[in-house]
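Here the protein sequences come in this chain order: Y and C.
Quick note on the numbering used here: the first sequence kicks off at 1057 and runs consecutively.
Quick note on the numbering used here: the second sequence kicks off at 1057 and runs consecutively.
Just to be clear, a hint being listed does not mean it is correct.
A pair holds if it fits inside one copy or across any two, identical chains being indistinguishable in the list.
To be verified - Within a straight-line C-alpha distance of at most 25 Å, the following computed SDA-like cross-link-like pairs (lysine to any residue) qualify:
(1) Lys-1082 with Phe-1137
(2) Lys-1082 with Ile-1124
(3) Lys-1134 with Met-1121
(4) Lys-1082 with Met-1121
(5) Lys-1082 with Ile-1067
(6) Lys-1082 with Ile-1122
To be clear, the hints were calculated from the coordinates, so they are not data collected in a lab.
There are 2 protein chains.
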Amino acid sequence: MIDIVGYAAAILGTIAWLPQVLKAWKTRETKDLSYGTNFMILACMLLWGIYGIALASWPMIVGNMISIALVTSILIAKYRFD
Amino acid sequence: MIDIVGYAAAILGTIAWLPQVLKAWKTRETKDLSYGTNFMILACMLLWGIYGIALASWPMIVGNMISIALVTSILIAKYRFD
Chain Y
1057 MIDIVGYAAA ILGTIAWLPQ VLKAWKTRET KDLSYGTNFM ILACMLLWGI YGIALASWPM
1117 IVGNMISIAL VTSILIAKYR FD
Chain C
1057 MIDIVGYAAA ILGTIAWLPQ VLKAWKTRET KDLSYGTNFM ILACMLLWGI YGIALASWPM
1117 IVGNMISIAL VTSILIAKYR FD
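Use the sequences and the hints to build the structure in full.
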């Protein structure tokens, strides 16, 4: 039962980044976003991905790979539009 | 050894929010931030907090409580300054 909460959190933590990605590329306005936060979140996801590999946890690996792609695209948008 | 990676990820995932909080309140500019992303991240942290309580994992509980406070303050900043 509590596993469902964990899976829901993992899925939500991945799709959560989508609105920010869409907003950044649509409006081309990214100056209010913090480089520090987005780089640390990216590093955090890389660590969780490594942790997932060590635990052979496919949901962690796949979830973090998608999140890494989304946050990287936010950072690319910020680099281009700032 | 791999536990260190997990702890590092958990700590980084908490302090990562600090630069965005400071930037939002200092510049009073928050329009580029996505409500959708921040609300989903908040919901995600609430779920991880509940998961942490179920597992009696103090690092998860404390880390998520701090993160919840930080992301809530980003949402309050956005509500005030947009």
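Hint check results:
{"no.": "1", "hint": "Lys-1082 with Phe-1137", "in the structure": "both (11 Å within a copy, 21 Å between copies)"}
{"no.": "2", "hint": "Lys-1082 with Ile-1124", "in the structure": "within (20 Å within a copy, 28 Å between copies)"}
{"no.": "3", "hint": "Lys-1134 with Met-1121", "in the structure": "within (20 Å within a copy, 29 Å between copies)"}
{"no.": "4", "hint": "Lys-1082 with Met-1121", "in the structure": "within (23 Å within a copy, 32 Å between copies)"}
{"no.": "5", "hint": "Lys-1082 with Ile-1067", "in the structure": "within (24 Å within a copy, 32 Å between copies)"}
{"no.": "6", "hint": "Lys-1082 with Ile-1122", "in the structure": "within (20 Å within a copy, 31 Å between copies)"}
The structure is consistent with each of the numbered hints, conforming to all of them.
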